[in-house]
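S.K.: Residue strings, one per chain:
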Amino acid sequence: MFEAAVYVTLKKGILDPEGKAVKNSLRSLGYEQVEEVKSGKLFLLKLKTQDRKTAEEEVRQICEKLLVNKVLEDYTFELREVGR
Amino acid sequence: MKFGVVFFPGANAADCFYVIDQVIGHPVSSIQPEERELVGFDCVILPGGFSYGDYLRAGALAGAAPVVEQIADFAEQGGLVLGIGNGFQILLNAGLLPGAMRKNENLRFCCRDVFLRVENSRTPFTNRYHQGEVIKYPIAHGEGNYYVDADGLAQLEQNGQVVFRYCNEDGELIPAANPDGSVGNIAGICNVKGNVLGLMPHPERCSEEILGNAYGLRLFLSVLDWWGIHTQEGVMTDE
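Just so you know, the protein sequences line up as chains H and C, in that order.
According to the numbering used here, the first sequence is numbered sequentially starting from 1.
According to the numbering used here, the second sequence is numbered sequentially starting from 85.
Rather than coming from a laboratory, the hints here were simulated on the basis of the structure.
Note that the coordinates shown come from a computational prediction; the quantities given were computed from them, not determined experimentally.
Virtual Cβ for every residue (Gly too), placed ideally from N, Cα, C.
Hints are supplied without guarantee of correctness; some may be wrong.
Listed below are the simulated DSSO-like cross-link pairs for lysine-lysine, each with C-alpha atoms no more than 27 angstroms apart in a straight line [what the hints assert, rightly or not]:
| id | chain 1 | residue 1 | chain 2 | residue 2 |
| --- | --- | --- | --- | --- |
| 1 | C | K277 | H | K70 |
| 2 | H | K41 | H | K12 |
| 3 | C | K277 | H | K65 |
Calculated from the model, a selection of chain C residues having no Cβ within reach of chain H, i.e. all distances over 10 angstroms [what the hints assert, rightly or not]:
| id | residue |
| --- | --- |
| 4 | G94 |
| 5 | Q154 |
| 6 | L176 |
| 7 | G183 |
| 8 | A184 |
| 9 | A224 |
| 10 | G278 |
| 11 | W311 |
The following block holds chain H by itself, in its conformation from the complex (with noise of 0.2 angstroms):
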């Protein structure tokens, strides 16, 4: 069994104006040192695959498939064995 942590992030470039508020909000509350503040989503999967050159192909295509969306996304991936 492998456990797979997806992080979806903005692209460079795009507007994150979630990742905005939060900064100003950051700021008003006197952390004037916050340069940058980034929004994204963290999905924890579980694939009961054996190896794991395998699974690291799933998870892409899992990604591609549906949880990213590439015009906007970039994705990254860890990808850890689990005992059952």
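Keeping the supplied structure of chain H fixed, place chain C upon it in accordance with the hints.
M.R.: What follows is chain C alone, placed relative to chain H:
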């Protein structure tokens, strides 16, 4: 000709169904999202609303529904496909139209009447409008901030794929008339062939005078005209 309206859970499909059935008085059937066969339809409508709660991204889960694959084949064969609001978002997610939707620039859900300029009146959906005509439709969306990169935008413009743009009452495309931040004030686009249209504003919500105006009715009548069907007597028109 026959219309079909896809009934995704969470969509306001009944509004579109009502306009076809009761206002223009034409045959229409509901289509289920699990449908794996589309037979006998000439125009398929993806309605507005919040399909599957808009989880993940607006229109993302609906875009992966089995019926959407059928709709892609149907469009490929020249069938008419109309995506309104959430339906537009679904068409983008499914890759039937280029680009993507971001959250509204001001982060607010925007629900009001807007002015639109008809940029292409030669499509099957807009032939009852005049080129450059200023019309009024309602919008109701939080994720209608259309994005396409500079090359994509140039292509849309070159091919006449921009069908509606947000404008002011005088038809000027000023930033103040843009409710959500969409690039190029874009409110609706079609594919290269012109048989797939997606737009954020809601023509089905302004197809009778009692709803404020009937500008939207002409979009549905355009489809009938395109099929060479003259509006029957007794059917409401706005003329």
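S.K.: A separate judgement is required for each hint: does it hold in the structure or not?
M.R.: Okay, the hints, checked on the actual structure:
no., hint, in the structure
1, C:K277 - H:K70, "24 angstroms, holds"
2, H:K41 - H:K12, "15 angstroms, holds"
3, C:K277 - H:K65, "25 angstroms, holds"
4, G94, "17 angstroms, holds"
5, Q154, "17 angstroms, holds"
6, L176, "8 angstroms, violated"
7, G183, "6 angstroms, violated"
8, A184, "4 angstroms, violated"
9, A224, "19 angstroms, holds"
10, G278, "22 angstroms, holds"
11, W311, "33 angstroms, holds"
Violated hints, in rising order: 6, 7 and 8; the structure is consistent with all others.
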